[in-house]
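Just so you know, the sequences run in chain order A, B and C. Note that the working numbering gives residue 199 to position 199 of the first sequence, counting from 1, and the numbers run on in steps of one. Note that the working numbering gives residue 90 to position 90 of the second sequence, counting from 1, and the numbers run on in steps of one. Note that the working numbering gives residue 50 to position 50 of the third sequence, counting from 1, and the numbers run on in steps of one.
Check before you lean on any hint, since a few could be wrong.
[Claimed, not checked] Only pairs whose alpha carbons sit at most 30 Å apart, straight line, appear in this in silico DSS-like list of lysine-lysine:
| # | chain 1 | residue 1 | chain 2 | residue 2 |
| --- | --- | --- | --- | --- |
| 1 | C | K297 | A | K55 |
| 2 | C | K104 | A | K54 |
| 3 | C | K87 | A | K124 |
| 4 | C | K71 | A | K55 |
| 5 | C | K12 | A | K55 |
| 6 | A | K124 | C | K27 |
| 7 | C | K12 | A | K54 |
| 8 | B | K138 | B | K275 |
| 9 | A | K54 | C | K225 |
| 10 | A | K54 | C | K346 |
| 11 | C | K80 | A | K59 |
| 12 | A | K54 | C | K122 |
| 13 | A | K124 | C | K15 |
| 14 | C | K104 | A | K153 |
| 15 | A | K153 | C | K71 |
| 16 | B | K166 | B | K91 |
| 17 | C | K313 | A | K124 |
| 18 | C | K87 | A | K153 |
| 19 | A | K54 | C | K87 |
[Claimed, not checked] In silico contact screen, one side only, chain B against chain A (beta carbon under 10 Å); selected entries:
| # | residue |
| --- | --- |
| 20 | I9 |
| 21 | V11 |
| 22 | G101 |
| 23 | T104 |
| 24 | Y107 |
| 25 | G193 |
[What the hints assert, rightly or not] Computed spacing ranges between beta-carbons, pair by pair:
| # | chain 1 | residue 1 | chain 2 | residue 2 | range |
| --- | --- | --- | --- | --- | --- |
| 26 | B | K31 | A | I4 | 36 to 44 Å |
| 27 | A | L212 | C | G128 | 41 to 49 Å |
| 28 | C | E115 | A | L18 | 54 to 62 Å |
| 29 | C | N76 | A | P46 | 52 to 60 Å |
| 30 | A | R57 | C | G128 | 48 to 56 Å |
| 31 | A | F91 | C | S138 | 54 to 62 Å |
| 32 | A | F91 | B | E30 | 44 to 52 Å |
| 33 | A | T27 | B | K57 | 23 to 31 Å |
Derived from the structure by calculation, the hints contain no laboratory data. Backbone N, C-alpha and C fix where the C-beta goes; we use that ideal spot for every residue, glycine too.
Here is what each chain is made of, one letter per residue.
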Amino acid sequence: MNEIFNGILQAINLILTLNPEVVEITTRTLFISLSATFIGAIISIPIGGLINFKKFRGKRSLINLIQTLYSLPTVLVGLFVFLLLSQSGIFGDLRLLFTPTGMIIGQIILIMPILIGFTITALKSVGNDIIDLSISMGASEFQAIYTIMREAKYAIMAAVILGFGRAISEVGVAIMIGGNIRGFTRVITTTISLETSKGNLEISIALGIILLGIALIINLLLNQIQEH
Amino acid sequence: MNNKLIAAIIVIIIGLIAIGAYTVNGGFQEKQILRVSTTTSLEDTGLLDTLETAFEKEHSNIDVQFISAGTGIAIKYAEKGDADMVIVHDKKKEKEFIDQGYGTKRYPFAYNYFYIVGPKNDPANIKGMNNATQVFEKIIQAGQINSSVKFASRGDSSGTNSRELKIWNNTGANYNSSINGSSWYIETGKGMGDTLTIANEKSAYTLSDSGTYLAFKGNITLVPYLTTGKDLLNVYSAIAVNPDKINGVNYNASMEFVDFLLSTEGQQLIGNYGKEKYGQTLFTPLYGKSEPS
Amino acid sequence: MNILELTGISKKYDKETLRNLNLKIKKGANLGLIGPTGCGKTTLLRIIDLLENPDSGKIIFKDINVLNCSKKDKMNVRRKIGMVFQKPVVFRGTVMENVSYGPKIRGQDKNAITEKIIETLKSLGLDGYEDRNASSLSGGETQRMALARVLINEPELLVLDEPTANLDPLSTEKIESVILGLKKKETTIIMATHDLIQGQRLCEEIAILNHEILQIGPPEDVFSKPKNRFVADFVGVKNILQGHAEVTSEGLSTVNTGSLTIYSSESLKGSVHVSIRPEDITLSLDKVKTSALNEFKGEISEIRKQGALVNVKISVSNEFFMVYMTRKSFLDMELTIGSPVWIQFKASAVHVFR
Chain A
1 MNEIFNGILQ
11 AINLILTLNP
21 EVVEITTRTL
31 FISLSATFIG
41 AIISIPIGGL
51 INFKKFRGKR
61 SLINLIQTLY
71 SLPTVLVGLF
81 VFLLLSQSGI
91 FGDLRLLFTP
101 TGMIIGQIIL
111 IMPILIGFTI
121 TALKSVGNDI
131 IDLSISMGAS
141 EFQAIYTIMR
151 EAKYAIMAAV
161 ILGFGRAISE
171 VGVAIMIGGN
181 IRGFTRVITT
191 TISLETSKGN
201 LEISIALGII
211 LLGIALIINL
221 LLNQIQEH
Chain B
1 MNNKLIAAII
11 VIIIGLIAIG
21 AYTVNGGFQE
31 KQILRVSTTT
41 SLEDTGLLDT
51 LETAFEKEHS
61 NIDVQFISAG
71 TGIAIKYAEK
81 GDADMVIVHD
91 KKKEKEFIDQ
101 GYGTKRYPFA
111 YNYFYIVGPK
121 NDPANIKGMN
131 NATQVFEKII
141 QAGQINSSVK
151 FASRGDSSGT
161 NSRELKIWNN
171 TGANYNSSIN
181 GSSWYIETGK
191 GMGDTLTIAN
201 EKSAYTLSDS
211 GTYLAFKGNI
221 TLVPYLTTGK
231 DLLNVYSAIA
241 VNPDKINGVN
251 YNASMEFVDF
261 LLSTEGQQLI
271 GNYGKEKYGQ
281 TLFTPLYGKS
291 EPS
Chain C
1 MNILELTGIS
11 KKYDKETLRN
21 LNLKIKKGAN
31 LGLIGPTGCG
41 KTTLLRIIDL
51 LENPDSGKII
61 FKDINVLNCS
71 KKDKMNVRRK
81 IGMVFQKPVV
91 FRGTVMENVS
101 YGPKIRGQDK
111 NAITEKIIET
121 LKSLGLDGYE
131 DRNASSLSGG
141 ETQRMALARV
151 LINEPELLVL
161 DEPTANLDPL
171 STEKIESVIL
181 GLKKKETTII
191 MATHDLIQGQ
201 RLCEEIAILN
211 HEILQIGPPE
221 DVFSKPKNRF
231 VADFVGVKNI
241 LQGHAEVTSE
251 GLSTVNTGSL
261 TIYSSESLKG
271 SVHVSIRPED
281 ITLSLDKVKT
291 SALNEFKGEI
301 SEIRKQGALV
311 NVKISVSNEF
321 FMVYMTRKSF
331 LDMELTIGSP
341 VWIQFKASAV
351 HVFR
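Chain A extracted, bound-state conformation (with noise of 0.2 Å):
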């Protein structure tokens, strides 16, 4: 018990003074998982338009495939990413294995199922009087879809914000994929993991207590936007 308490308080030392390990851990993170959250995002949203407005056959499957691939667990990405980029791999010349870059790609796979299934949710929980009312007004189809997505605005920004807090708490494509190779492709969640099985329990807490955080900062923008 003495141990912990003795962790955390050095934790928060560290945190307090800017450690630079810390500091260079976190951007680092915050960095990555951004990243594949924005282009995740640009890709996404609009692949979830596409699939919530056409029609075709198979649509009701692939929407339940979506879904079920919410759960993915991470280190089945990472594998499957690992392979892709490994050297003997297909984009092996890319020399994107052990890369935040890599790592990137990897969260984009990961969160796309999460950020296209919850925009198609969005898109669709758009009342039918609402695009009734758009086509009634005259507008292309290009501007009804328009007008939906920006009804759907508040909606599709939570799901945003779900695929970054899955991106940044991730661990199995981060280790896979970024080796965890000290200043270059270490990142929060990795850290805890290597540092509690050395024993050095401070900077576990300290990271710890950056990402719950995060979270909480997560939480409180999702709940902004719920209340519209």
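Starting from the known structure of chain A, fit chains B and C onto it as the hints suggest.
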């Protein structure tokens, strides 16, 4: 939600991404990357950080990156070309690596010993023995009759695990029938730190590399029983991946690092390492001599 | 010129909602669409607004065959039609953002029409509402905003689905006055309502709808000269009798109900209904000398006081007639249940229909 707030958040995000992109590209510098796959036990000692700093001081155009995993996985990375060289401590696997053409030459550069550690009260009564194989024999016998005798194994194809299996084989016992699966044999499937912690919890004996044991000494009650002998000799070698067999590996940078390891400066760094962190040095450099037998 | 022609429109959901419906609407017309619940009003309006396609039939807007044209042409037709739905619908954002939706998608500069928007809002009693959050408006305010949202685009055809149903009196008054004001703008208006009085007040023509158009014409015609039993019952025509009609020499017809023979100046042969407005029937205690061709003796079977009037039901043979009289006359004649009386009405007051 305020539109201005949203705009501000987006600006911050873009800013972070931009900073990140800049730093990821090494601040627009064109540095070559040398990827070294190595074992967790070696990286955890902290020796590699010291070597990296010294090496990069003299070779400012090379960025050394260490990827640590169990020895088996480290070698696999190299076989796939995802690493440019390996630094491991499993002679048999290293020889295979070279025989199969993946590696060019084996460069042993330092050694230490594995430790056999165990609970203070020594239920298997191995204190004073000086032969690892005999110690393991005793543990098998004691484990079969005394339920408080336990042994924790890493079970993860690491160098330490390979050595443990080799010693079991030396006893002549059949690993699969008398050891693996027995009630006194605990397979953790984890790294050395976690395995020591589990061994500590369960008052079990275990085989550990010296560095990790010394790092954990303050937190556990296990004590060392045997720390020398041929069976426990632990030799560290570096092998560059063969560029003729695997495309895209940075052979030149690998060899520069190997040269550094074998240089007087490198060897001295290795030999002096550990006093500050562990109270004693961890490695004995070879200084060009062949490994002890 | 007809702005809209619907031919043979049918639409079926579980049951037949619209059945071979035909409707021609002249430019500048002001048509009220009235019918009982489930008659297909909303479906018809949605089809006119091009929100739904009929199962069969043709729709011609001005000279465009709407069901058989390019997407772009269809969209342009939609832009000339403005519809206000029965249930108010609101876009996220302010009132201004809602009302400027039409101009925005038409590529008009928002600043240029801000003046006009404010004017329109003012005419509907919504001045000062521009920056209010549209979803915070009351039902009546929302409907007025919806009307403004549509009027700002100067539609050639305005379609209104029960625009004042369940609204507060102020909203109703504002909306009705704007609708009346549109008469001079030559906007064609189709308005669905279940309120006969409102229809009579606001519309030049009424169409009675029950899966098809049963009768269409000026309100007086529809209300006093229903073409069939359904319309008659629906508009509340009184004194409906059934019988067999034959045309006489003088251009009259006699209708034999089995117990009575009634003269009508309308000529229709065969199995018919007749209706006589209560106001057209006079009551007297004795037989009088009258030019009215129809005179019958009967007795009072029911008396109901209705404000300043008295509703008297008189049985003549097996038929019943409803007559209105003033309270004074009623008291003067000292009438009670069972009092014998004579009733008279002209042949021209007898409307004959199928």
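message = If I claimed the Cβ atoms of F91/A and E30/B lie 44 to 52 Å apart, would that claim hold in this structure?
response = violated, 22 Å
message = Hinted pair, alpha-carbon criterion (30 Å max): K54/A, K122/C. Please report holds or violated.
response = violated, 41 Å
ask   = Does the alpha-carbon distance linking K54/A and K87/C stay inside the 30 Å limit?
value = holds, 27 Å
request  = Decide if the proposed pair is consistent with the structure: K80/C and K59/A, CA atoms, cutoff 30 Å inclusive.
outcome  = Not satisfied, since the Cα-Cα distance of roughly 35 Å exceeds 30 Å.
inquiry  = Does the beta carbon distance between R57/A and G128/C stay inside 48 to 56 Å, or does it fall outside?
reply    = holds, 53 Å
ask   = So the hint says 23 to 31 Å: do the beta-carbon atoms of T27/A and K57/B match that?
value = holds, 25 Å
task = Take a quick look at whether K71/C and K55/A sit within 30 Å of each other, Cα to Cα.
result = holds, 17 Å
inquiry  = So if I understand the rule, the pair passes when the alpha-carbon distance is 30 Å or less; does K87/C with K153/A pass?
reply    = Given that 30 Å is the threshold and the Cα spacing comes to 23 Å, the pair holds.
query = Regarding the pair K297/C and K55/A, is the alpha-carbon distance no greater than 30 Å?
reply = Judged against 30 Å, a Cα distance of about 72 Å means the pair is violated.
Distance restraint hint 54 to 62 Å, applied to the beta-carbon atoms of F91/A and S138/C = Once the Cβ atoms are compared, 60 Å apart, the range 54 to 62 Å for S138/C and F91/A holds.
key: Verdict for N76/C, P46/A (Cβ pair) under range 52 to 60 Å   = 27 Å Cβ-Cβ, so the 52 to 60 Å window is violated.
key: Distance restraint hint 36 to 44 Å, applied to the beta-carbon atoms of K31/B and I4/A   = holds, 41 Å
Violation of the numbered hints given earlier is confined to hints 1, 6, 8, 9, 10, 11, 12, 17, 21, 22, 23, 24, 29 and 32; the remaining hints are satisfied by the structure.
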